[in-house]
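Peer 1: The residues making up each chain are set out below.
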Amino acid sequence: MDKKPTVDNVSYTMAENRKPIILVLLVLLAISSIAVADTPYSAWTINSDGKRVLTQIPYYPAGMITGDFAGPQDIFIDALGNIYIADAWNSRIVIMDKNGANVRYIGQDVLIEPTGVFVDEFGRIYVADYGSEQVYVFEKDGNVLKTFERPTSPLFGRNSKFKPQKLVVDKRGNVYVISEGSVDGVIQLNNDGEFLGYFGVNTTNLGILQVLQRMFYTESQISQLFKITPPSPDNIAIDRNSIIYTYTRNAADQNVKKLNVAGLDTLEKGKRFFPNGADITVDKNGNIFVVDDMGYIYEYDNFGDLLFVFGRKADDTLRLGQLRSPSGIAVDDEGTLYVLDKELNSITVFKPTVYANQVHEGLILYNQGLYVESQKNWENVLRMNSNFLLAHKAIGKAYYKQQEYDKALEEFRISKDKKEYSNAFWEIRQAYLMENAGNFIILFIVLWLIYRILRFFDRKYNTFHTIKAGFKRFFSIRLVNDLNKVFSFIAHPIDSFYDLKWENRPGPIAATILYILLFLVQVFKIYYTGFIFNNVDLANVSLLSESLKLYIPIILWVVMNYLVGNISDGEGRLKDLYVGTAYAFSPYIVFTIPLVLLSNVLTLNEAFIYQLGSVGIIFWCVVLIYTMIMQVHDYSFFGTLKNILVTLFAMLIVGLVAFILYVVWNQVYAFIYDIVQEVITRV
Amino acid sequence: MFKKIFAALFIIYLCFVGSTSIYAQEGDSNVTSLRTLSSNNYTRVENLSGTTINNANSVIGPNYQKMAETKQLALYVDKNNFSIKIQNKSTQYIWYSNLESTEGERLNTQWADFAKSSIVVYYYDKDFNKKQMTLYDNNVTMKIEKIDNGVKNSVSFGDIGVSFDVKITLYDDYFEAEVPSSSITDKNGLLVSIELFPFFGAVKDGQINGYTFIPDGSGALVRFTTDKIADEAYIQRVYGSDEAFIERLRTSGQSSTSGIGNDDLISNIRPKKVSMPVYGMVHGVKQNGYVTMIQSGAEYANIVFYPAGVSTDFNWITTEFVYRERYFQPISKSMDGFLTYQSDKNDFDARLKIVILSKDDADYVGMARRYQRELLDRGVLRDNILDKDEVNIPVRVEFFGGETKKVLFWNTVVPMTTVDEAASILADLRRSGIKNLMIIYKGITEDGFSGTFPQLFPLEKSLGSDSAFKDFFKVNNDNNSKAALYVDLTTAYDRAKGFNHRYDIAYKINKRPIQFSANYVGDYFYLTSSASLRIFNENLKNFVDYNISSIAVDVTPSLLTSTFLSGAKITRSESIENYESLFKRMSESFKSVSLYQPNEYLFQYANNYLDAPLYSSQYIFETDTVPFLEIVLRGYVDMYSPLLNYSPDIEEESLRMIEYGVYPSFLLTAQAPYLLIDTPSKNIISSKYDDLKESMIEQYKKVNNALKYVKKQRIVSREVLSDKVVRVGYSNGVSIIVNYTESPFPYKGKVVNARDYLVMTAGDEK
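Protein sequence lines, in the order shown, are assigned to chains L and Z. Residue numbers for the first sequence, in our numbering: 1 to 683. Residue numbers for the second sequence, in our numbering: 1 to 766.
Please note: incorrect hints may appear among the correct ones.
What the hints assert, rightly or not - Ranges between beta-carbon positions, derived for each pair:
| hint | chain 1 | residue 1 | chain 2 | residue 2 | range |
| --- | --- | --- | --- | --- | --- |
| 1 | L | K376 | Z | T761 | 54 to 62 Å |
| 2 | Z | D148 | L | V679 | 38 to 46 Å |
| 3 | Z | V751 | L | K376 | 41 to 49 Å |
| 4 | Z | D336 | L | Y551 | 32 to 40 Å |
| 5 | Z | D420 | L | Y527 | 51 to 59 Å |
| 6 | L | Y551 | Z | E538 | 54 to 62 Å |
| 7 | L | F671 | Z | K126 | 41 to 49 Å |
| 8 | L | K376 | Z | D420 | 27 to 35 Å |
| 9 | Z | L721 | L | K376 | 36 to 44 Å |
| 10 | Z | V751 | L | L370 | 35 to 43 Å |
Claimed, not checked - Quick list of in silico lysine-lysine cross-link-like pairs, BS3-like style, CA-CA up to 30 Å:
| hint | chain 1 | residue 1 | chain 2 | residue 2 |
| --- | --- | --- | --- | --- |
| 11 | L | K342 | Z | K228 |
| 12 | Z | K708 | Z | K388 |
| 13 | L | K313 | Z | K228 |
| 14 | Z | K228 | L | K51 |
| 15 | Z | K584 | Z | K353 |
| 16 | Z | K152 | Z | K116 |
| 17 | L | K407 | Z | K693 |
| 18 | Z | K702 | L | K376 |
| 19 | L | K416 | Z | K693 |
| 20 | Z | K353 | L | K419 |
| 21 | Z | K708 | L | K376 |
| 22 | Z | K116 | Z | K131 |
| 23 | L | K549 | Z | K406 |
| 24 | L | K376 | Z | K693 |
| 25 | L | K401 | Z | K693 |
Source of the hints: derived by calculation from the structure; they are not laboratory data. Note that the structure is a prediction, hence the values are computed from the model and not measured. Each residue gets a CB set at the ideal place from its N, CA and C atoms; glycine is no exception.
Kindly produce the complete structure, drawing on both the sequences and the hints.
Peer 2: Right, here's the structure in full:
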């Protein structure tokens, strides 16, 4: 509801803010680990399978420190828990203790627009002043110790600007500065402000067009193109071991980077780093925190695996724990998070819950490889959230280490970790084989003996005469005989397709049965492929879409190939193509089931067998299709190739036309719907 | 005054402490402190001493004329501008309906008129913007006349063609303010809403010691301060917004990256709804106060509260009676459309009852008890407690039966708790010493929990045979345990059976159905109140067949919508009537009725109040959370906490339950909940009995050892002894002291341990 405009409201609240505020501080924030159940946000995580699942609330809002800040841009917490704020528009650094008390200001006389602040172990305060384009180093007492201006070294680049926004300092006293628009990466200065080099440059992602341009254009043409520069990093953090972390906005999967000494990212690629955020920080255990524009706070473990996401932007009346426009995040040694908000001009304090503490404790042990020791923590975690796959994986590893492979296997299956699953399965399979090797040999010998004996009797007394005759009669049934031909198609494709054309054998009924079998085999494959090789999410499989995916291309193929053949001297009849195509899938129908069964006993070590099998089947199908076209249409080798390409093109065109018709129909439908709605509502 | 001295002392103290800090600088003049706002989840210590109320409005000027008088109150009216003053004769305190003068205040003309006007009317201009009109606008005429023990003002706003009567009648310790529906004329159809005395008792900044009480969650206080931390007002529709007027534009991508979706299972990310139409203000704790109860028209009322700092320097709270709603009329599939407003005005009598509180009653406890008395008088509250166990408190155990899951090409049911498993869990609980059980079984309808409502029967075969279910409900139905079936008589899934997809569902005013969509199970609708009633009646026989004599109803008791299907319109008021007859029938046909967060009009039909809120919404301007709801209901209805499975700190939660007099609740399954990962119930992340058993028993024992002494007792007093140490007094003389802090608290020769509680009988206290 919009109330009346408030003319003087804005001005007076500003005025109010400027006044030095002296207020009651009855209840300090330090008080205990009191947690609350109702938080105005939910928490979730992304499991290794890419699905978003809820988790317990990892952090609860413990309070808020509101100050006379104006557009604060950065927050830093030193080892004693003191809070430093880069109070940009007030041109000063605000220092307070962890309860928001004992406030002091420094740099009021020199700073113009400080946007980044860092304090080293000696208590020296480093400030990136965007306004004056300088880096200031203050003594504890607020006296200016040094100032670093734009480096004069030619290596810095003649045209490079020095607009410091954020900074960190490593143990050796080197200063890492994020400068606005610094496409070469982080600026590294030594303790006297001398330029050491650029660090951790981002890479550019060239599109296809750019790649083509680069390939074909002349040098002068390229130079006229819009320069593609890598995005410049936006924020920076440093951990205990002087490892630098950078954060870059809109940089797809490289927005969070953990840089080694050489400035290369050590986090695994392809993880889901989606925050478009404001600030990054690292706790003493190496867990990474990012706060984003949406008010979400992300915590990753030190491998970059997402642990949890929580928080929320206030959409109406502000509730404690919600944010408006976060600009900084910091974490103290107790794990308390401080999130700075430049619109609210406040710091919201979040404290870890029992759940988060269990996860953290578990992670510390887990990262040291103490899987068994961490098991207790993970069990507690699972008690609170049985959907947390990382915990299942960790417990699996603990079982694995204790050689309880069956239990480990189950945990790995839940956590959907194929690699670990494969390892556990290998152990189980190994044990099984070792135990039963003797039995297998005996079984084999017995079967062989039975076979010899039966054969002996059969030769001598013709014992199985009736059964054999029965088989013979069964296979002489035309349909059965036709179906049985799949084997001859696999082995002797040229002869078989010749027969198909000139003797009309096999017939279309058998082919139809094969098409149905093809679908059933496909379903079998989806459902029964072993865990390690199965990439299909069963929840997303639908009977209809699976059958459409299979049959529409086949129907299109048969019809279009017939039409194309008709206009290019092909001899094939529609029936030949229908039947021929069905039989061309023979290898798939025959060999897929054994391969699927095999996939259930293979591990990743033998993955090549499965892959070879799959590729072989497809290859053989392609060969058969090629042979089929050649025989049925009576084409030359290249004639066949041309025919196939033209057919594929025709299929594409039909697909496009169908899509356009679909779109047009939707428009027509929407148009009619709108008219009817308008008539109903207006009349 | 005291506060300021304290602050000054504190600053001096800080200076000293500061000198030990590494940053301390001798002669540093900048040492000061920022405002820190600690959690508003607790109640602060009251500051009773030295409060002087000094308010320029608290004088009756010469323009005022005494219009009515009772033993306790006197009513004065200024006939020029219909300003009203109420004198509380016992304390001599004067209550004022509006500011008399706005000179020197930082108010623009519009706000100044607003603050001075005892009646404010809103209308829509031609662009559908909401505009205000006060008594100080042009062409406003008033006819003020004396009526029996009160005054009547026939006011007419000429410019918009709106006129109506405002009647004020004085009774013992309260007065009623009323706008009868019959008196309203609205020639141009522009009337949107009416506010009576929006500035009644308004307080500037932190001028006086006191607070506003709002019915947010369990109840919240907003102390008068100069902090001005708030930037937006609190405006809440009583009984929740009417879905029939809400058009949610489906924005794609909302759920893709970071959507919130339906995640509110573990955390109440939505602000809490108002289920009790009551609010109040205190001017000087234990000195003066008032509590307003919306007696008629509550379903069309907004509670509007502006803390100081939002638009004005004043704290003010009022009721906005809404006669017309604005809504969005889409005319195309792509959701193009236009804004418009309701053509037919809501038809209701608007009536407020404002009770003047004095001395000991002038705080939130007094408000709650006065409101409780009111509900008892109206018959909305009565003794409904069924629990016959003489020793132990009950615990609510919710079993989750089965859930639908798509596997390959078809749906199957994931059995989470079969009837046999449920029985053995119950047996195990009884063996472990928890004998008093309040059992709810959900997700046992054929095909599982999601996508099946409003169909209730038959029951899912994979969870147990019919006879097994009949046995279960028969066996678990004695003095100590009542097994209830979980039902939702409002949600209707598109894919479910058991309702008419055209006539049973509620329609919005823009002729579209009230429709939502859920992951995995597709669209769902809301049933109209009459369809809920019919479907319930149709199922009565089935309940008897399955031996089900207890019932737990979700959604329906807390939801209120109208429907606009032409020919079958049901207004919000009519929906209340339908629900009243539905739940009346229910309470007659069942031994035990448990309702999830029922609205006020259903209190009388609930034997158990489920998911009783233990917190407020934690708006930034709220300073305290108080157990208002609990004080009102305690001793008449048994209250159960929200499910504790997801509580981040269960010990804290137990203390809170002990303090609020609420019984614990758990969701249990026999199987581990990761089985639900690819189902609509993937939000259940912790429920396996084996996992929870230990902490469940521990917490139960903890809560039981306190609350067993005060079963069925009313809360008569509540006092914050020290920061986060609270003493709650019960009607049998027992009191419970809860200590949330990390350090022991000495009390009357005894010690309340850190993070613990102490039960004291009347004798101990002396």
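Peer 1: Now tell me if each hint is right for this structure.
Peer 2: For each hint, the structure was consulted:
1. L:K376 with Z:T761: 54 to 62 Å: violated, 42 Å
2. Z:D148 with L:V679: 38 to 46 Å: violated, 54 Å
3. Z:V751 with L:K376: 41 to 49 Å: violated, 33 Å
4. Z:D336 with L:Y551: 32 to 40 Å: Roughly 39 Å apart at Cβ, these two residues keep to the hinted range, so it holds.
5. Z:D420 with L:Y527: 51 to 59 Å: Since Z:D420 and L:Y527 have Cβ atoms about 30 Å apart, the given range 51 to 59 Å is violated.
6. L:Y551 with Z:E538: 54 to 62 Å: violated, 44 Å
7. L:F671 with Z:K126: 41 to 49 Å: For Z:K126 against L:F671, whose Cβ atoms are near 30 Å apart, the range 41 to 49 Å is violated.
8. L:K376 with Z:D420: 27 to 35 Å: Since L:K376 and Z:D420 have Cβ atoms about 32 Å apart, the given range 27 to 35 Å holds.
9. Z:L721 with L:K376: 36 to 44 Å: holds, 39 Å
10. Z:V751 with L:L370: 35 to 43 Å: Holds, since Z:V751 and L:L370 (Cβ atoms, about 41 Å apart) stay within the stated range.
11. L:K342 with Z:K228: Holds, because 17 Å separates the two Cα atoms, which is no more than 30 Å.
12. Z:K708 with Z:K388: holds, 12 Å
13. L:K313 with Z:K228: Measuring from Cα to Cα gives roughly 20 Å; hence the hint holds.
14. Z:K228 with L:K51: Violated, at about 42 Å.
15. Z:K584 with Z:K353: Distance ~26 Å between Z:K584 and Z:K353 Cα, so the pair holds.
16. Z:K152 with Z:K116: Roughly 19 Å separates the two Cα atoms, so the pair holds.
17. L:K407 with Z:K693: Holds, at roughly 23 Å.
18. Z:K702 with L:K376: holds, 25 Å
19. L:K416 with Z:K693: holds, 28 Å
20. Z:K353 with L:K419: violated, 70 Å
21. Z:K708 with L:K376: Distance of about 35 Å is beyond 30 Å: violated.
22. Z:K116 with Z:K131: holds, 17 Å
23. L:K549 with Z:K406: holds, 20 Å
24. L:K376 with Z:K693: holds, 17 Å
25. L:K401 with Z:K693: Given pair L:K401, Z:K693 holds - Cα atoms ~29 Å apart, limit 30 Å.
In the structure shown, a violation is registered for the earlier hints numbered 1, 2, 3, 5, 6, 7, 14, 20, 21, in ascending order.
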